[in-house]
Each structure stands twice: as C-alpha cells, then as structure tokens.
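Since chain A is already given, all that's left is putting chain B on it; use the hints.
So the protein sequences, as listed, match chains A and B. Going by the UniProt record's numbering, 358 is the number at position 358 of the first sequence; the sequence numbering is gapless. Going by the UniProt record's numbering, 538 is the number at position 538 of the second sequence; the sequence numbering is gapless.
Treat the hints with caution; some may be incorrect.
If chains are identical, the list can't say which one is meant, so a pair holds when it fits in one copy or spans any two.
[To be verified] With a straight-line Cα cutoff of 30 Å, these simulated DSSO-like cross-link-like pairs (lysine-lysine) come out:
1. Lys71 to Lys151
2. Lys71 to Lys490
3. Lys490 to Lys337
4. Lys424 to Lys151
Just so you know, the hints here were simulated from the structure itself, not pulled from any lab data. All values reported here derive from a predicted model rather than from experimental measurement.
There are 2 protein chains.
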Amino acid sequence: MKKDGIQWEIPREASRSRGLRPLVEAPFLRLPRPNLDDNTADLDRLERALAQRGITPLRFDPRTLGEMAGKVREGDFEVCPVVGREGDGWALIDVVPGASPGDVLGFALDCGTSRLAFYLVDLASGKRLAERSVPNPQIPFGEDILSRIVKARRRDGLEALQRCLINACNETTAALLSEQGRSPSDVYAFTVAGNTTMSHFFLGLDPANLCREPYIPVANHFPFYRAADLGLAIHPRALVYVFPNVGAYFGGDLIAGIVACGLHHREDLSMLVDVGTNAEVVLGNRDWLIACAGAAGPALEGGVVERGMMAAPGAIDWIRIDPGSLEPTYRVIGGGKPVGICGSGLIDLVAEMFMAGILTIQGKINTQLRSPRIVELPDGPAYIVAFADETADGMDLAVSEVDIGILLKSKAAMYTILNVITRKVGVSLQDVKHIFIAGTFGNHIDPAMAIRIGMLPDLPLDTYQGVGNTAGEGAAMLLLDRELLEVVEKLRTRITYIELNVNMELMNEFRGATFLPHTDPRLFPSVKIPERALGRGALREEWPRGGP
Amino acid sequence: MKKDGIQWEIPREASRSRGLRPLVEAPFLRLPRPNLDDNTADLDRLERALAQRGITPLRFDPRTLGEMAGKVREGDFEVCPVVGREGDGWALIDVVPGASPGDVLGFALDCGTSRLAFYLVDLASGKRLAERSVPNPQIPFGEDILSRIVKARRRDGLEALQRCLINACNETTAALLSEQGRSPSDVYAFTVAGNTTMSHFFLGLDPANLCREPYIPVANHFPFYRAADLGLAIHPRALVYVFPNVGAYFGGDLIAGIVACGLHHREDLSMLVDVGTNAEVVLGNRDWLIACAGAAGPALEGGVVERGMMAAPGAIDWIRIDPGSLEPTYRVIGGGKPVGICGSGLIDLVAEMFMAGILTIQGKINTQLRSPRIVELPDGPAYIVAFADETADGMDLAVSEVDIGILLKSKAAMYTILNVITRKVGVSLQDVKHIFIAGTFGNHIDPAMAIRIGMLPDLPLDTYQGVGNTAGEGAAMLLLDRELLEVVEKLRTRITYIELNVNMELMNEFRGATFLPHTDPRLFPSVKIPERALGRGALREEWPRGGP
Numbered sequence: 001m002k003k004d005g006i007q008w009e010i011p012r013e014a015s016r017s018r019g020l021r022p023l024v025e026a027p028f029l030r031l032p033r034p035n036l037d038d039n040t041a042d043l044d045r046l047e048r049a050l051a052q053r054g055i056t057p058l059r060f061d062p063r064t065l066g067e068m069a070g071k072v073r074e075g076d077f078e079v080c081p082v083v084g085r086e087g088d089g090w091a092l093i094d095v096v097p098g099a100s101p102g103d104v105l106g107f108a109l110d111c112g113t114s115r116l117a118f119y120l121v122d123l124a125s126g127k128r129l130a131e132r133s134v135p136n137p138q139i140p141f142g143e144d145i146l147s148r149i150v151k152a153r154r155r156d157g158l159e160a161l162q163r164c165l166i167n168a169c170n171e172t173t174a175a176l177l178s179e180q181g182r183s184p185s186d187v188y189a190f191t192v193a194g195n196t197t198m199s200h201f202f203l204g205l206d207p208a209n210l211c212r213e214p215y216i217p218v219a220n221h222f223p224f225y226r227a228a229d230l231g232l233a234i235h236p237r238a239l240v241y242v243f244p245n246v247g248a249y250f251g252g253d254l255i256a257g258i259v260a261c262g263l264h265h266r267e268d269l270s271m272l273v274d275v276g277t278n279a280e281v282v283l284g285n286r287d288w289l290i291a292c293a294g295a296a297g298p299a300l301e302g303g304v305v306e307r308g309m310m311a312a313p314g315a316i317d318w319i320r321i322d323p324g325s326l327e328p329t330y331r332v333i334g335g336g337k338p339v340g341i342c343g344s345g346l347i348d349l350v351a352e353m354f355m356a357g358i359l360t361i362q363g364k365i366n367t368q369l370r371s372p373r374i375v376e377l378p379d380g381p382a383y384i385v386a387f388a389d390e391t392a393d394g395m396d397l398a399v400s401e402v403d404i405g406i407l408l409k410s411k412a413a414m415y416t417i418l419n420v421i422t423r424k425v426g427v428s429l430q431d432v433k434h435i436f437i438a439g440t441f442g443n444h445i446d447p448a449m450a451i452r453i454g455m456l457p458d459l460p461l462d463t464y465q466g467v468g469n470t471a472g473e474g475a476a477m478l479l480l481d482r483e484l485l486e487v488v489e490k491l492r493t494r495i496t497y498i499e500l501n502v503n504m505e506l507m508n509e510f511r512g513a514t515f516l517p518h519t520d521p522r523l524f525p526s527v528k529i530p531e532r533a534l535g536r537g538a539l540r541e542e543w544p545r546g547g548p
Numbered sequence: 001m002k003k004d005g006i007q008w009e010i011p012r013e014a015s016r017s018r019g020l021r022p023l024v025e026a027p028f029l030r031l032p033r034p035n036l037d038d039n040t041a042d043l044d045r046l047e048r049a050l051a052q053r054g055i056t057p058l059r060f061d062p063r064t065l066g067e068m069a070g071k072v073r074e075g076d077f078e079v080c081p082v083v084g085r086e087g088d089g090w091a092l093i094d095v096v097p098g099a100s101p102g103d104v105l106g107f108a109l110d111c112g113t114s115r116l117a118f119y120l121v122d123l124a125s126g127k128r129l130a131e132r133s134v135p136n137p138q139i140p141f142g143e144d145i146l147s148r149i150v151k152a153r154r155r156d157g158l159e160a161l162q163r164c165l166i167n168a169c170n171e172t173t174a175a176l177l178s179e180q181g182r183s184p185s186d187v188y189a190f191t192v193a194g195n196t197t198m199s200h201f202f203l204g205l206d207p208a209n210l211c212r213e214p215y216i217p218v219a220n221h222f223p224f225y226r227a228a229d230l231g232l233a234i235h236p237r238a239l240v241y242v243f244p245n246v247g248a249y250f251g252g253d254l255i256a257g258i259v260a261c262g263l264h265h266r267e268d269l270s271m272l273v274d275v276g277t278n279a280e281v282v283l284g285n286r287d288w289l290i291a292c293a294g295a296a297g298p299a300l301e302g303g304v305v306e307r308g309m310m311a312a313p314g315a316i317d318w319i320r321i322d323p324g325s326l327e328p329t330y331r332v333i334g335g336g337k338p339v340g341i342c343g344s345g346l347i348d349l350v351a352e353m354f355m356a357g358i359l360t361i362q363g364k365i366n367t368q369l370r371s372p373r374i375v376e377l378p379d380g381p382a383y384i385v386a387f388a389d390e391t392a393d394g395m396d397l398a399v400s401e402v403d404i405g406i407l408l409k410s411k412a413a414m415y416t417i418l419n420v421i422t423r424k425v426g427v428s429l430q431d432v433k434h435i436f437i438a439g440t441f442g443n444h445i446d447p448a449m450a451i452r453i454g455m456l457p458d459l460p461l462d463t464y465q466g467v468g469n470t471a472g473e474g475a476a477m478l479l480l481d482r483e484l485l486e487v488v489e490k491l492r493t494r495i496t497y498i499e500l501n502v503n504m505e506l507m508n509e510f511r512g513a514t515f516l517p518h519t520d521p522r523l524f525p526s527v528k529i530p531e532r533a534l535g536r537g538a539l540r541e542e543w544p545r546g547g548p
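Pulled out of the complex, with its shape left as it was, chain A reads as follows:
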C-alpha cells in the first residue's frame, strides 16, 4: 500500500500496549486424562480447560461434536483447540491433535467499490505476511455502484454479483497463500470492511432499498458467518466478520476507519474524512462521535472530468503553474508520458490556475490571458496541461471550464458537509485538531492546495494527515485485537448519524462554497486572491450526485 503524500501516522497503542489478543487463537492444552474420579465427558473436559484460560462460554457447532471429540481422542488429550471470539462468547472452530496447531492465519479485506485489498496476517505472531489489491470484479456490471444495484434486480443478478466477489476472494487468497507456502485450511478468520452496498453484495443481501428513499439496508449489523456459508475457500468453519454499518450511506469501511485512526479514544476533537463519490465525515472524540455523509460527486476520484482518472500509473498527481509564463510543471505517477489527471492533480491544477489568475473566483477561465495553453474548445474554454506530443495517447490533455465546474461542485459539497457537521454540534472548524483524510485520495492530496480552492477549511497544515486505506487497516487490526469487536459494537450504536437534507439553507451555503475559495474570503485568510482572478459570473449550482 502506498503511503506517500502525507505521512502515515495511525495510533495503534490499543493493540500494542496490550499485546496480541487475536480474533482466533489455538492454545496448546494438555488435558487431564479421564479416570473414575474425573469422568467428565470429552468435550466438557476441553470446555473446562478452556474456561480455566478465560475462554468461555464456548459455543460448539452442533454438527461437529463427534468430529471434535474424535480429535481430542486422536491427540490423546493433548490438543490445540482453535477458538475464535464470537460476540460475547467463543466459537470452537476446530481441534488440532498434538502440541502444535500449525499456522493460525487470517485475512482482512477492504471491499471497496473499485478495488479489493487483501491482507494476510499471521495471528500467532501478529505479522502481516502479504497484501494485494485487485480490481473489484463487479466493475463489468457497472463502474458506479448504482448501476450494480440495478443489475442486482435482474434474475440471478444478485447471486452473480456476489459470486464474482467471492471468486475474486478465493483466487487472490489462494495466490497469496501459495506464494507464502501456506494452506487455505489454516485460515481461520476473515474480516471484511466495505461500504454498506458492498457489504450487502458480499453477503448476498438485496441492496434494492439502499438507493431509494428512505434508504434502508437489509441489516446494519451481521452475525458471524462461517466461511462455508459464503463459499470462501478457507477453513470451512473460519469465522467471517463483516463490519457493521450505521446506515445506507455510512458503511463498515468507515467504522473500520474510525478504529484505524483511533478517533474513538482521542481526547482532542478529530475528524475523519473519506473522500469519494460520497464524502463521509466523522467528527468527535472519545466522548462522542457524529457522522455525516453526502454526495460529493465523482470528480475528486478522477471520475466524470473528461481526462480524469484514478490515481494510477500515467496519472498526473502533482502540478505547479508558473504565474508569469502560465506554463505547467507536473509529475506523472510511475513516470513517462501522462494519460490523464487524477483527483489530487486536478486540485493542484485548479489551485494553481486560480493562483496564476487563469481562473476567476467564479471558476471561469480568463480567456483574455495570452497563452497557447488557454484555448477555446467546442464545449468552451480550456487549459491544455500537456500538448498532444507530450501525452501517452497523442492527444491534447486539456481541462475545460466544464470539468472545473464539476470539480468546484464537488469541493463545495465537501466544504459544506464539513461545515454542516461542525455546526450541528456547536463547534467551529477551528476547534478540530486533527483531520484524517482516508483513501487513495488522502495519500495524494496536498492540503495546502485543497485549502486554496476552498475544499478543506483554512487550518494549520499539520492538522491534516493522509491515512490511506483505513478500512483495510481497521479490518486487519481487528484480526489481531478481538477487543475491537466490542469497540465496533459500541461505535455502531454510539455514532449519531445525520442524514444530509439538501434544503434551501444548505444550498445557500453550497452556493458560496462553489467560489474560489469562497464568497466569504474571511473564511480563508491564508489564501491571497490574485487581482486578475476577480472575473465573470458564477456557475449554475446543483448539488452533485452520489451513490449509496
């Protein structure tokens, strides 16, 4: 996982100070052999020994009683029971006869709309053995999640969407295990953090009601599944834990993110911002947490904008523009000629165009300026970042006023959401001491640039931290710290979730935020607006579209 951009700095005191308390363990037990004075049953004997180690109450899968007792006998009462924390009790997953359980492994999965990220963890040592990210195999069903929900309504559609996810899991986990010389049957735990829709797809639950008012999930929290229930090709009785969601727009990925950033045990007021098609925001400290999510439009992830793309090789992710010559300098992920521009590149571009006076505070391109890069295209004025001979596809890489308008709506939505949530609890943005920015976006974005365009509030730069894949991080942390199960359960019920109600008041606020940096420059004292940026009329305001 790339952790460039802003420094990775997630507190993990919770699990570190207490040592490992993995979700699944397999302690070696030398059970007293039965005799006439101690003739308790085989499984009760095992249960008793585990209870003496605090592993109680123990729950047996009724279909395996005979098999488990057989293994106790096979090991001649020297066994390693494989036990996993399951809610307020323990599940007996298996019994390994003899003094060593072999490997005790777990997988964490960040089940994202675009990508699936897998982490293979050794639960005995706490070591991460391998990780891999693959494209979400549902993409052929629809790039955005709304079209996948529509596909799920077709006959066998939901099954197909689930099956391709599970197949991808089985292929990737098998590859990682094989590379590490490990066996699938030694994987006893699987944790999954995804947004609400992805969690529904993963579990084969109908997402139809997620995308129509009043946006109702099938379930907000899920029982522990066993691998065989879902067709996961690991130990058939491996525990599968899917992070709960708070609502249709607030998924387990964000709960895992809160856990990863330790928001729930910080004294300072902190904020977690997950930027995507929807902006998901959590604000709070160890005493309270409030969350809000709203459509921000896909612009920040590099979607919609004509030459926009994901932060991937070939994408421009950093740009500076010389205010005199109006010539750009840029960086291409992976080097070589650029293919497109990703979210952070777009933010840099708009911020630099604004600072260079190419863009007005209304987001219009100042066509009065003399530069071969400022051109009039069929759909309006544009700025050419790279000429045809400098790009990978031999076509001009231009960003139009229309593209910029889309970005401005996204950034306005983001700023408005941050404002709404702080106002809801009667604090000011200045009271927020840490803002964690999650996602690939968070690793690439330059907060100084985001402040210049008025997307992020004008706070000291060290307030901001990019924290990468917090969903995957949280899911992996839970594998090694079962006490987080309880934390998550409390979080789920503790978080006050505000449904963003797009009304007149909000639209007024949003309108002001579509300007560069804002209609009220007092909100951005650090941004020095260039003289020539004060220009033509504003864009048409319309809140950007999101998805569940």
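Below, chain B without anything else, positioned relative to chain A:
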C-alpha cells in the same frame, strides 16, 4: 400414558403460576415503517421491536438474513417473528408475514431404550394435542443397549442406529400431525430426554467410551441443534434441545425427571427412583441434590425371568395368594388369559409367596408344602401361577426359584443403592418424605408389596408416588416453560453424582438385602415374617449386570 396404579401427582406450580413461557413464540409485531427520521435497517427494526418485548439478544442464522428481511417486507412490516429461547439469547427461527403466525407447535420425545414416546404440544395454548409411544426401532440391533453400542462400532453402524431413530421420529411425528390436521413446518421445537447412550445415538455421537472404564460420554451437554442438522422432518430451523446428562450412567431422562417431579424446588427431602436395568436414584431438596446409579438387572422390567414381560396387554400385573389354599388370584392387563408376568406382578407374586410361607427368607420355595402349584421342574422348584388351560399360549405359567433368585438380586441391588445414597449424605431413609417412582414400573408397582420383599424401605405408604414417564413429562414441560432451560443447566452442574463402587462393604450390604425382606428384620418392622418362611440356605450373591 397410563396413570393407573398410584396417583399421578406432579407439582407444576412453576409453569402454572407464571403462565405460559413457551420455548418458542411468535408474537405479532406492527413495526413502524421506515422513514427518513427512522431509517434503521429492516432486520435491526425487527430486532429493536423484539428487544422492546424483552426478547433480546436475538441471534440470526447468517444464511437466512436475506430471506428474513424479505419476509418483513412481504408482510409490509406487519409480521410474526418465530423466536426461540436458545441458551442466554433468542434464535430467530422464521418470520411469518401478516398478523397470524399460524400454528406454533412442538414435540417432546422420551427417547427410551425400549420405547419412544412422543408428545405433540401447541405452544400457543399449552395444550397437548396428541401423544404416541412406539417401540424403539433400534431393538433389532440389540434388545439391550450394550449390544447396540457394540453394533455402533461396525462400519456405518452408528449412522444406521441414528438413522433408524430419526426415521421413526419422522414417521411418528408425521402421523400425529396428519391426524391432527397440522403441518410439519409449523413445528418449531423438539425436546428430547433420553439416557446418555440414547442421546448419543440420537445425535450420532459415538457411544464407544460409555461402556468401558472410566465411562466417558462424548459430551455431557449439547448445543441447540436445528432440525435440519439431524434430518428431522419438521421446520428445518426448529430448535432441537437434548437434555444434558451428568455422566454415562446418569442421563437427560433423569434430569427431565427431576424437573417433572420438581425435586429441585421442594423443601422436604425427596427421592426420585427410576427403575430399569439400572436403578437411578436422586436424593435431595431445593438446596442440594445427590445422584447415584447402579445396575439392578433387568428383572424388575420383566426381562430375564422366563415368563417375564413388559407391563403390556397379557401381562399379570397384580397377584394375591391365599395363605391357606395357596391358590392365586391375579389380574391380566387388558383382560383375557395371561401371557406372562410383568415386574410389578413378579413383586406381588414374591411378596405373596413369602407371606404365604411358600418362599423362605432365603428365597427358596418350600417344597414341603402340599399344593398342585408347587412343582419340581428340570431347573428346580417352581410355583405355577396359571395352569396350561388358563394361559394364552396353553403352557403352564410357572415362576421358578431361579427366576425368583434373579428378582431378589435386583431388589437387593435397589435397596442397597437407596441405602448407599442416603448414607452418603448422612441422612436416614426415615428422613425421606417423598419417594417418586418413575417409569411404567412406577405406575404398576404396589409399594406395600415392594416393602414386603425388602425392595423399598419400610416407610409410610403415602411416601411413595408412582409418577410414570417423568422423562417425557419433563421434556414436554420444557416446551411450555423456557425458564426450565436455566433450571436444567443449574441442575446439571449442581448434582453430585456418585459412581457406585462395588466393593466388599457394598457386597456385604447387598448380601443382607438379598434375603426376604432382609437379614436384619429391624429394618422392616411392618413386615410380619411367617413362621414357615424361615428355611433353607441363601442364594449365591453376585451383583446383577446393568448397561450404560
């Protein structure tokens, strides 16, 4: 169930005073419809409404989340969730859309070595709809349980023994339901009380270690099964509860019996005696319970003895002998000519032969007496109860000295066990205020006769109560009173179980008890020993055989 003989008088204040608290119920819920201000998930909405009725925590079968939420929608949020108490929580068994759940039924099974007794109960009204008893289909594998355990060791033997039990369950429950015009899918609960070996067979658990020292069950308590786990043809997710056992020789049938007699909440010192091949005895009150089991031999159930039979049509179950003429008067179950003699008949016979001076205190037949009924057969002296022309098979119905010797060993074992258990806790038999005698035997036995032969202690006759099928009774009670789950769990761990150690001391005690009524007549002050009963030498003492 026949309740002749001694009056049926089981206290049921527990469930009566509290009203019905059935194991499974299906309350009608009108859930608030979701809206933007109350947009919790479908299943969380159901869970919340159940929690408001105290039904919490709710456990979902992970494989049915989608189906359950679908039914909530199908009922347009007006539903009857079918919930069953499962340990310290509740299982969501099903959701019935609409305002009525239909029937909510349960079966209780007394899973005996010889017979299976089924009770069909309406869990909503508490009414017993039907009951039926069928022979245990395992009998062709072996009349006694030990030979079945041996059969289970063969390839697929255990599966075959389990399968025939389950098949018998499916046939009998289907017949009862069909006669009552009810549907198998409306049966949501199934409770089973059996001895430890039968519970193992029912669940497909290997009983091999039950019959060899140190006599270890696979498990002493069992998780809740679902009907589909066992192939029971009722609702596939119906809860199946198998009463726990305390050890190889102390099964769930006896725990159910304790519950049925209310031994655990009586102030007075009481005793439950279950008479079969093994005599199982529980002594105690609401503060403590001690249990003991020991082989008593099959004589008391009508086995072994040549003309012995179960208490069934054709069996002589009551006999009186005129001390002058030495002529008998008897009663045949169901009327007509006799086929054999059952346990209670045998006890009457021996008691009457003793009182008439036909039997000596050593259990020998006084061949000096002049009577056409006292004869010398190839295997020794005998008493002819019915001549060939009076019997159903046209053969003399004779009981020999050998037969009587077998019965005397059984009765001596029984008396010794009762003595051992009272001595263990430092009380005397005179302190015991109630003695409940379970089983068919208990319904037929005349305690006055049992005292005369020295099988039961010489206590006031109203101390004794025949209580019939307490195992089935307890299993049926649990269907209607889920609080008994906790009672049973406490009982299981509270009962002190004494393994009967057949040593020299015990053998001395046993030897004295093989006499009529005992070598120490002071123990039986109410028994007037006739002069002519003081006769020849004693029988060879050897503790009778039992089975696990």
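As a check of your reading, is Lys71 near Lys151 (CA-CA no more than 30 Å) within one copy, between copies, both or neither? between (46 Å within a copy, 22 Å between copies)
With identical chains treated as interchangeable, where does the CA-CA distance between Lys490 and Lys337 reach 30 Å or less: within a copy, between copies, both, or neither? neither (49 Å within a copy, 75 Å between copies)
Using 30 Å as the alpha-carbon threshold, which applies to Lys71 and Lys490: within, between, both, or neither? between (37 Å within a copy, 28 Å between copies)
Within a copy, between copies, both or neither: which one fits Lys424 and Lys151 at a CA-CA cutoff of 30 Å? neither (37 Å within a copy, 73 Å between copies)
In this structure, the hints that do not hold are numbers 3 and 4, in rising order.
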